[in-house]
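Start from chain A and add chain B according to the hints.
Each chain is listed here by its residues.
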Amino acid sequence: MTTESATLKSKEELLKKLSKPEVISGSEILLRSLLLEGVDCVFGYPGGAVLYIYDAMHGNTDFNHILTRHEQGAIHAADGYARASGKVGVCIATSGPGATNLVTGIATAYMDSVPLVVITGNVMSTLIGTDAFQEADITGITMPITKHSYLVRNVEDLARTIHEAFHIANTGRKGPVLIDIPKDVSAQQTLFQPVTGVNIRGYNPTINPNKLQVDKMIKAISEAERPLILAGGGVVYSGAHEELLEFVTKTEIPITTTLLGLGGFPSGNELWLGMPGMHGTYTANTSIQNSDLLINIGARFDDRVTGKLSGFAPLAKIIHIDIDPAEIGKNVPTDIPIVGDVKTVLGLANKTAVRADKADEWRAKLKASKAQYPFRYKDSDTELKPQWVVEMIHESTGGDAIVTTDVGQHQMWAAQYYPFNKPRSWVTSGGLGTMGFGFPSAIGAQMAEPDRTVVSINGDGGMQMCAQELAICAINNIPVKVVILNNQVLGMVRQWQELIHGNRYSYIDLAGSPDFVKLAEAYGVKGFRASNKEDAKAVWEEALRHPGPAVVEFIVRKDENVFPMVAQGSTIDQMIMGDAE
Amino acid sequence: MKKHTIAVIVNDQPGVLQRVAGLFGRRGFNIESITVGASEEQGLSRMVIVTSGDDHTLEQITKQLYKLIDVIKVIDLSSNAMVGRELALIKVYAEPSSRPEILGVVETFRASVVDIGTQSLMVQVVGDSGKIDAMIELLKPYGIRELSRTGVTALNRGNVKQ
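Quick note, the sequences are listed as chains A and B, same order. The first sequence begins at 1 in the numbering used here and counts up by one. The second sequence begins at 1001 in the numbering used here and counts up by one.
Excised from the complex, chain A in its bound form:
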């Protein structure tokens, strides 16, 4: 893979150069501070208010800058980079429209607790508040969707602000932090001195849990007859997958992982029951409803997981482990709250955890249920089924690819039919459900993990919300494999209109979409299409072998639905199982 600027200097040499106190401009301070934070890739789009910043980047060889074709592409790419790598994703945009184009991406990252540092230019500080050209109050606009935000009014504050932003973004419950830099601040000169250590008064996330609470959990496990673990994105974000596997191995408690928790636990393990919730497995949902002890590890009891809240896990004692105390008791009353970092909590718990001895009957029952009720679909010999395509992708990549998705039916099929073995392999917008996320986030994931296969699974709807970023795949030779499951409709909306609105299909027909193969070729990306199994296998193999980016369109039927499905307002054991049952 080649990029615009690739020769990264040795780290020590760089650090020495960067740490030298010198009188430099705000823009240079920004770049130095990013490098001191270990940033190796930023996604951005220049404009009037960031001219000094881009001027300082001219000829830069210290990190990659990926010029996207829309600010939305930049922020989703930064998000994909962060989710795939565990590092902070960084993007830069200009004031006004540049900044407002980031809003959806910031909200996406906020909902899924993804660490980002978002840098926006603003108009000169003397012009702020005058409705100046390309002025927008971006700190005000993004206040509800950022973990924190800064408007830097003095260049002397800039270095400290940047380091604080990285610290806040990537500690505690992670999230996006915005830094708004007026144009004059980016131009002003000041003495740059590297900041050592960040200390933010009043910001002190709880990492270490209360030991007594952990002891209570261990005791509850020994008493439980029907214990169950519900693990979420917190496991992946805190890097606790090994501790979780050890915990499950020691306690032998069956486990279900939420949409964002996929990959946090190896899917091949016999205690894994699949994903719970609206499109979860029969066994995961019924086991939640029947459990007498539910241990939530780093999940937030989202409504797509709980279904009707008043009927959720009615028999269970609830243990909730979360780094964010505000999540505990927010939706579900909790019997044993444990505030702390998941990795630390499980590390401590593993010292005393023992097998849940009273749960043998329960384990046997769930094992049988898992065998009896896997995800099912009616396959066809004459046409392509989207589930089959996902299975084919899984098989051909050995389950080891990074898979990013957009939002809708294809997202659920990907979650259902691409079981993961390791964390940071699954990039999907869970909380906000952002269409247009799937493809650009794959670009970010590929930048973070150049040696892994990155497959982006999209629908024909969402693909058209950020298709312009094909240009950057082509120009930078970013070898993302872009899958489009083309059913010619907005499938998930169609499904709800069919099942809940009595077949009244309202504005879901995507007739008029481009020829995706030609679209890819127009950008200089290889395009493929298949509408039967034989062709599908052949073109997919060819796309995988191709060293550069590729778009592969699979033509599937309009009326395929995602099952099981829990209708909104039902408890999660009231599942519509679909026609394959």
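Everything labelled a hint here was simulated from the structure, so no lab data went into it. Cβ coordinates follow ideal geometry from the N, Cα and C atoms, glycine included. Hints should not be assumed to be uniformly reliable.
As the list claims (entries may be wrong) - Listing some non-contacts, in silico: residues in chain A with all C-beta distances to chain B over 12 Å:
{"no.": "1", "residue": "N101"}
{"no.": "2", "residue": "T249"}
{"no.": "3", "residue": "K250"}
{"no.": "4", "residue": "L315"}
{"no.": "5", "residue": "I328"}
{"no.": "6", "residue": "E361"}
{"no.": "7", "residue": "P374"}
{"no.": "8", "residue": "K378"}
{"no.": "9", "residue": "S396"}
As the list claims (entries may be wrong) - Ranges of calculated distance between the beta carbons of each label pair, as one might list FRET restraints:
{"no.": "10", "chain 1": "A", "residue 1": "P144", "chain 2": "B", "residue 2": "V1160", "range": "32 to 40 Å"}
{"no.": "11", "chain 1": "B", "residue 1": "R1157", "chain 2": "A", "residue 2": "L309", "range": "33 to 41 Å"}
{"no.": "12", "chain 1": "A", "residue 1": "L212", "chain 2": "B", "residue 2": "V1126", "range": "41 to 49 Å"}
{"no.": "13", "chain 1": "A", "residue 1": "D137", "chain 2": "B", "residue 2": "G1028", "range": "44 to 52 Å"}
{"no.": "14", "chain 1": "B", "residue 1": "A1038", "chain 2": "A", "residue 2": "S570", "range": "51 to 59 Å"}
{"no.": "15", "chain 1": "A", "residue 1": "F133", "chain 2": "B", "residue 2": "D1128", "range": "33 to 41 Å"}
{"no.": "16", "chain 1": "B", "residue 1": "R1026", "chain 2": "A", "residue 2": "S380", "range": "45 to 53 Å"}
{"no.": "17", "chain 1": "B", "residue 1": "H1056", "chain 2": "A", "residue 2": "G347", "range": "29 to 37 Å"}
{"no.": "18", "chain 1": "A", "residue 1": "L127", "chain 2": "B", "residue 2": "S1148", "range": "30 to 38 Å"}
Just chain B now, kept in the frame of chain A:
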């Protein structure tokens, strides 16, 4: 719905009131009154917020406030002995003939007259919200032209540990 009085110690930063008020707004928490001013420490402001809701709501309010980086401390004042005070300025119609009667009310309430116009008096009253409500009730018959209340500011009593 129970009333709660909470103190929020915040960094004295631009936008901090917007962060706190915005949080209440978007999460559907109620603000009955909010007062902001300097605290005992330079660089920190003290907000006093009167809100209503059950204990679960109060717990969420506290936890969500703590998530704001600029919030240093949240104190549930009304869970302990506290002194809560509000100030009101009430401009009331007062023909010379009715003034003695109004002054009688003012005196009983240990309030004071802070301005006299040709046809009005401005009354200043300090006390807990109940006292101010009562004062307003008593002045209503004379005709209230304008009314301004500050909202409650409060501290816990001397022997309450923070």
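Do the hints match the structure? See the list:
no. : hint                          : result
1   : N101                          : holds, 22 Å
2   : T249                          : holds, 33 Å
3   : K250                          : holds, 31 Å
4   : L315                          : holds, 22 Å
5   : I328                          : violated, 8 Å
6   : E361                          : holds, 36 Å
7   : P374                          : holds, 39 Å
8   : K378                          : holds, 44 Å
9   : S396                          : holds, 43 Å
10  : P144/A to V1160/B: 32 to 40 Å : holds, 34 Å
11  : R1157/B to L309/A: 33 to 41 Å : holds, 40 Å
12  : L212/A to V1126/B: 41 to 49 Å : holds, 47 Å
13  : D137/A to G1028/B: 44 to 52 Å : violated, 24 Å
14  : A1038/B to S570/A: 51 to 59 Å : holds, 53 Å
15  : F133/A to D1128/B: 33 to 41 Å : violated, 52 Å
16  : R1026/B to S380/A: 45 to 53 Å : holds, 47 Å
17  : H1056/B to G347/A: 29 to 37 Å : holds, 31 Å
18  : L127/A to S1148/B: 30 to 38 Å : holds, 35 Å
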